[in-house]
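Read top to bottom, the protein sequences are chains A and B. The numbers in our numbering rise by one with no breaks, and the one at position 283 of the first sequence is 283. Count along the second sequence from 1, add 368, and you get the number used in our numbering.
These are calculated hints, taken from the structure and not from any lab test. Just to be clear, a hint being listed does not mean it is correct.
[Unchecked claim] Facing chain B, from chain A, some residues (calculated, C-beta under 8 angstroms):
id	residue
1	G35
2	C37
3	G91
4	P94
5	P110
6	A113
7	M180
8	K181
9	S187
10	P200
11	D293
12	H298
[Unchecked claim] Simulated pairs of lysine-lysine, DSBU-like, Cα-Cα distance not exceeding 35 angstroms:
id	chain 1	residue 1	chain 2	residue 2
13	A	K181	B	K607
14	A	K181	B	K613
15	B	K432	B	K449
16	A	K259	B	K432
17	A	K64	B	K627
18	A	K281	B	K432
19	B	K641	A	K64
[What the hints assert, rightly or not] Each pair of labels, with its calculated beta carbon distance range:
id	chain 1	residue 1	chain 2	residue 2	range
20	B	E658	A	D364	32 to 38 angstroms
21	A	L160	B	T430	40 to 46 angstroms
22	B	R685	A	F365	54 to 60 angstroms
23	A	P321	B	D514	55 to 61 angstroms
24	A	E320	B	R525	54 to 60 angstroms
25	B	R656	A	D125	34 to 40 angstroms
Being a predicted model, the structure only gives us computed values, none of them experimental. We put the beta carbon where it would ideally sit given N, CA and C, even for glycine.
Protein chains: 2
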Amino acid sequence: MALGQLIIASGEASSDMRYAAGFSTPDDFIWFSAGPCRGVVMSPLEYGRACRSAAPGVKVFTEKEWGGPDRREIICAVARKYGVTGFSVPGDFPLLWADRLRGAGLVIRPEEAPFFPGREKKSGDEVRMITSALRQAEAGCRRAFDVLRETEIARDRTLLWRGAPLTSELLRFEIDSTMMKGGMLASGTICAGGVQGSQPHNQGSGVLHADAPIVMDIFPRSASTGYWGDLTRTVVRGKPADIVKRAYDAVLDARETAKKGIRAGVPGSEIHKIAADVLEKHNFHTGRGEAGDHGFFHGLGHGVGLDIHESPRLSPRGTEPLRPGAVVTVEPGLYYPEWGGIRLEDMVYLDPAGSVRTLTGIEDFLVL
Amino acid sequence: MALGQLIIASGEASSDMRYAAGFSTPDDFIWFSAGPCRGVVMSPLEYGRACRSAAPGVKVFTEKEWGGPDRREIICAVARKYGVTGFSVPGDFPLLWADRLRGAGLVIRPEEAPFFPGREKKSGDEVRMITSALRQAEAGCRRAFDVLRETEIARDRTLLWRGAPLTSELLRFEIDSTMMKGGMLASGTICAGGVQGSQPHNQGSGVLHADAPIVMDIFPRSASTGYWGDLTRTVVRGKPADIVKRAYDAVLDARETAKKGIRAGVPGSEIHKIAADVLEKHNFHTGRGEAGDHGFFHGLGHGVGLDIHESPRLSPRGTEPLRPGAVVTVEPGLYYPEWGGIRLEDMVYLDPAGSVRTLTGIEDFLVL
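Hey, can you work out the whole structure from these sequences and the hints?
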């Protein structure tokens, strides 16, 4: 029983589609691999774009070449022509289409695992595109450092910049607009000060204060290539409390120690455990109190590529051994509702020759 | 046979989820409606956010309340507790989850139609949030007008701004950063000059020129509310050719005439036809030549809300009658590979009392 492969999605919604087709679209279209043929079937509106930018080896078809715009008929015709009984599809394949195609007699088999396991192994070009996005994240972060250095500290310990209170929103705008000038899409940038930083997903809002840690998690996507960069730094303007300094040192130690543990064949869960153990050794404990979780309660890291979160996982659930060619984040953190959070995130590349290279090129420090 | 309703998605990927749950998340989670209960089931990382921002009437559960993080078991437990035999799901429900749940004995029925038909009828709050996003699009557009007015025209007819050539990229940055300051997410903004404007989806690149039309299609999304605005204006810096002036007048006539045809009960296809007929009457014809499509070859408009494209359609495929409460774009265009494109887009609200209100509040002109 020969199965082909099939995706119905927009390039914007599906990185598998972007990876397979070589381009991105706002509207969904068909990509298939069947017998010797890999192809995309395009509406008139997107045919030109597809011809200009399809990946090597991907044939661009019009809908008319398959009899018209009816997708069920197109896909059945593809199956007939190339002699496949059906298609393997990504796990997030739309159920409505699956039921229609099954109703037409095709086998439609969703994959449990990543649809293109090869996405985990980055090519040299991909590493360059990721690094280029990361450099823009660093440019955004440096802009934030500059803004924070320019602030004055008011009597009530709020930060003032150019005569007005500096808010999370304004600092985020300075970061995001810097990256946009570099051709990035930016959304979700975190600038969370003080206790807001104790919630890892809190974007941050309102006036920023001196002496409290400010978590800046910056993850732009290149508008042209679609690849992401991911960077977190945590800084204090003014004088950090002793507990904040100790937490910072512990997180930095955890990150650097974990990086040294990365090599092919080791499961991601073990790298996570290295970081968790270092934090425990520094006497920072993880658990759940009345105010919610505290300590280190998220995964250590994740793959980055055309998705901001992709395989492999560096977390307790990352049971698969790491493979050469992976690009992952290493981002331990400590979060306490009493004073806030510290997170420090680098990206590393496990190159096919076996060495581990830190891609991130921006300094670490707590106080500015 | 009682069915509940079920969504598994992130708020960022699924506007149905955002609409139902009342908040957005980067990671996917479960929303259900079964018997008397509407609820979401959250991981520890997102539980706090859900409690703070769930829609009225939506109960926030932890995974533990349903026995643990296994989603199949959670959903089966929900079905048992509320006495449903399965769930109706959106058409884009992930096939892998559907097969798992069907394997556990549940009926999983994908909807052909929009999952929440009520999304088409906007509440007063929704109209305000859409209008607020549209005002930001207008602010971005005015910024572009100002930049273009400040340009000088070089001898070779390129536009110079602050001493350097003005590119599509730079004009887009000025628009996008203006909107970002207003709390918008901006991506995909079109600034296409000259013949690039003859491809409706071409974002535009390179140096802009005098005398040629510049299509600016601006569609920001509010980072806080998730609602979109959508606006297109086309302008010329310098002296437009006669054909460009005539095309501009025809498109403006088509837009205003089509707006007058909008009322409850009329199918979207008829509104589209009104605009197409006006363009024909002005002697601008639609067809396909060697260089691709020309004339007016896209739909007249679409609903806007939590999705930038949603029901209803104003296009030849919009066979459903328009319903009170719809917010739609009206955006006729003319595209000719010889000289470029003209598109003029307003948003209108078909209010429940039966009147049609233009939401867009920015002037129309061709030359600046």
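Evaluation of the provided hints:
no. : hint                                  : in the structure
1   : G35                                   : 23 angstroms, violated
2   : C37                                   : 23 angstroms, violated
3   : G91                                   : 3 angstroms, holds
4   : P94                                   : 4 angstroms, holds
5   : P110                                  : 4 angstroms, holds
6   : A113                                  : 10 angstroms, violated
7   : M180                                  : 6 angstroms, holds
8   : K181                                  : 6 angstroms, holds
9   : S187                                  : 5 angstroms, holds
10  : P200                                  : 7 angstroms, holds
11  : D293                                  : 6 angstroms, holds
12  : H298                                  : 6 angstroms, holds
13  : K181(A) / K607(B)                     : 30 angstroms, holds
14  : K181(A) / K613(B)                     : 33 angstroms, holds
15  : K432(B) / K449(B)                     : 15 angstroms, holds
16  : K259(A) / K432(B)                     : 33 angstroms, holds
17  : K64(A) / K627(B)                      : 33 angstroms, holds
18  : K281(A) / K432(B)                     : 30 angstroms, holds
19  : K641(B) / K64(A)                      : 24 angstroms, holds
20  : E658(B) / D364(A): 32 to 38 angstroms : 59 angstroms, violated
21  : L160(A) / T430(B): 40 to 46 angstroms : 41 angstroms, holds
22  : R685(B) / F365(A): 54 to 60 angstroms : 58 angstroms, holds
23  : P321(A) / D514(B): 55 to 61 angstroms : 57 angstroms, holds
24  : E320(A) / R525(B): 54 to 60 angstroms : 58 angstroms, holds
25  : R656(B) / D125(A): 34 to 40 angstroms : 36 angstroms, holds
The structure is inconsistent with the numbered hints 1, 2, 6, 20, although it conforms to all the rest.
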